[in-house]
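Participant: Residue strings, one per chain:
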Amino acid sequence: MSASHSAQDMQQTLLKQARWKWPEILFWLALASLYVLFPSKLSLLSEILILALLALSIDLVLGFAGIVTLGQGAFFGLGAYTAALMGKWGMGTAPLSDPLIGLIGAALVSGLVGFATSFLVLRGSDLTRLMVTLGVALMIEELANKLKWLTGGSDGLQGVLIAPILGNWDFDIFGKVSFVYCYVVVFVMFVIARQFMHAPFGLSLLAIKGNPLRARAIGLPVNERLVMVYTIAAMMAGVAGALLAQTTQFASLDMVAFHRSADALLILIFGGAGYLYGGFVGAFVFRVMQDVLGNITPQYWQFWLGIVLLLLVLFIRGGLLGLLRHLRDRYAPNLMGPPSSSRES
Amino acid sequence: MSIVLETKNLSKSFGGLKATDNVSFQLKAGARHALIGPNGAGKTTFVNLLSGVLQPSSGSIWLDGQDITNWTSRRRAISGLARTFQINQLFVDLTPLQTLMIAIAERQSSGAHLLHPVGSRKDHVEESVELLTRLGLADVMTQRVGSLPYGRQRLIEIALALAARPRVLLLDEPAAGVPESERGQILDVIDALPKDVALVLIEHDMDLVFRFAKSISVLVNGALFMEGTPSQIANDPRVRQVYLGEEEIAHV
Chain A
1 MSASHSAQDM QQTLLKQARW KWPEILFWLA LASLYVLFPS KLSLLSEILI LALLALSIDL
61 VLGFAGIVTL GQGAFFGLGA YTAALMGKWG MGTAPLSDPL IGLIGAALVS GLVGFATSFL
121 VLRGSDLTRL MVTLGVALMI EELANKLKWL TGGSDGLQGV LIAPILGNWD FDIFGKVSFV
181 YCYVVVFVMF VIARQFMHAP FGLSLLAIKG NPLRARAIGL PVNERLVMVY TIAAMMAGVA
241 GALLAQTTQF ASLDMVAFHR SADALLILIF GGAGYLYGGF VGAFVFRVMQ DVLGNITPQY
301 WQFWLGIVLL LLVLFIRGGL LGLLRHLRDR YAPNLMGPPS SSRES
Chain B
1 MSIVLETKNL SKSFGGLKAT DNVSFQLKAG ARHALIGPNG AGKTTFVNLL SGVLQPSSGS
61 IWLDGQDITN WTSRRRAISG LARTFQINQL FVDLTPLQTL MIAIAERQSS GAHLLHPVGS
121 RKDHVEESVE LLTRLGLADV MTQRVGSLPY GRQRLIEIAL ALAARPRVLL LDEPAAGVPE
181 SERGQILDVI DALPKDVALV LIEHDMDLVF RFAKSISVLV NGALFMEGTP SQIANDPRVR
241 QVYLGEEEIA HV
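Quick mapping for you: the protein sequence lines, in order, are chains A and B.
Using my numbering, read the first sequence as starting at 1 and increasing by one per residue.
Using my numbering, read the second sequence as starting at 1 and increasing by one per residue.
In case anyone wonders, no lab produced these hints; they're calculated from the structure.
Fair warning: there could be bad hints in the mix.
[Unchecked claim] Label pairs and their in silico Cβ distance ranges:
no. : chain 1 : residue 1 : chain 2 : residue 2 : range
1   : B       : D191      : A       : V184      : 43 to 53 Å
2   : B       : G16       : A       : D126      : 24 to 34 Å
3   : A       : W20       : B       : S24       : 54 to 64 Å
4   : B       : S110      : A       : L29       : 54 to 64 Å
5   : A       : L112      : B       : S110      : 19 to 29 Å
Think of the CB as a built atom: it goes at the ideal place given N, C-alpha and C, for glycine as much as any other residue.
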């Protein structure tokens, strides 16, 4: 009797981790409230959401499966060009220029390339993976530059026309519709990622990250899982890129450039990898710091950013969210239930 | 009694060193077998060959009459061959409960499920809790594995292997590095292992060997030196010779 009772408790303990917690709900409500609070900053806010989605896609690969990547920006760029080209070819009318169909197209193209290149990251050390993902990204960047007839090369892709969302809401110059669109899409993507990571799939990724040798020894198909998560993350990055292309009605080499991979990785580490929210926290703090520091020292803001980053990485494990968790475990261990050891990075 | 695991002329060389030298070995269903030998005799190399961590230079390995020589460790694992490691190989950032949930999900081919949260399958939770309770880990089920004492971690090593419901279990020095006070618990667990699981105990510790083994193979310089019952082995002057200066065979 007592054993079955205990099993029930344990089931509750496990299921509790997957349940939505009030800080999460507050977080998404707060995000939505920005629409009312900062009507003049909507396009910046949309950009932050898009950046956060890109960082979230890296979180799945790095924070959960433990694969270091410097190439996620390539999938972002692929998604951006795919959505932009679909908008251009559709000439502003559905189906090709329909934004939701554009998102699906971008996810498919990025996912396909992600799947094809995922086999390159199965073997080797962190350094190998870093170089391989970087190499793939540089190739895609150069392709976008060379295929001028298709991408517009360094001039960017002009004439991108996007149909109204669901045939009803047209993108306005104040970025109101853009923000709501980005918010909804990013939220849906987040819910999907959250669901996947709390499912057995996500837990198996943590096992692979923790000890691939043992994972194989208990019969876990390590390579299969890595291919899966890499493909899913590529699709997500593609959707992020598509959002940027659609809301700006433009695609350029900048969207596929290396610095995007590096920025997003930095933002994720900054916010904390392995928490799902690290990319969001990181993206906001990063952009706000950029803004504030840029106002104080327009030329040297990156210097101060570098210092903050160094302090964070050297002294706090797990970024800003790692710091929060540390403080919570130390000063208010009962505030949010037991600490879940599983999400350490 | 049927043969569950067999090697035929199995060899493994590292450069000029023959770590495993032409070993032909048979394991019966439900066996309690010990593999002993002095330091550097190639015991762990042999286990790594059996479990697929290493590929043999020549020879073959058979599980239930099937040639598994070229199988991956993953395929061997899902076919009923499980092992523990001499040095803990655990998921230190997870909890014992999560650890077993993973192994059980993989056994049931539901490890890639995306939608339902971990814990939705009540039968998986029950089995995890039952196994952890049986191994005396009930009080630490939701603690971080890496934060547990070494002896408890050794038990999780065994629990993780058992979660695959193996027919052959290779225990690589299960009590190695465990302080005396936590040793008894591990011996009890080995004592209580299911009778239908064929057990290979790779050991250096003669107390443990003579307590559990019904048959013993002695490995010297990578080759099978002798096989027999515990009393045959203990009374054989050549075995004593091999172990001379290494350990005293005091028991039996």
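Participant: Okay, which hints does this one fail, numbers in order?
Facilitator: Failing hints, ascending: 1 and 4.
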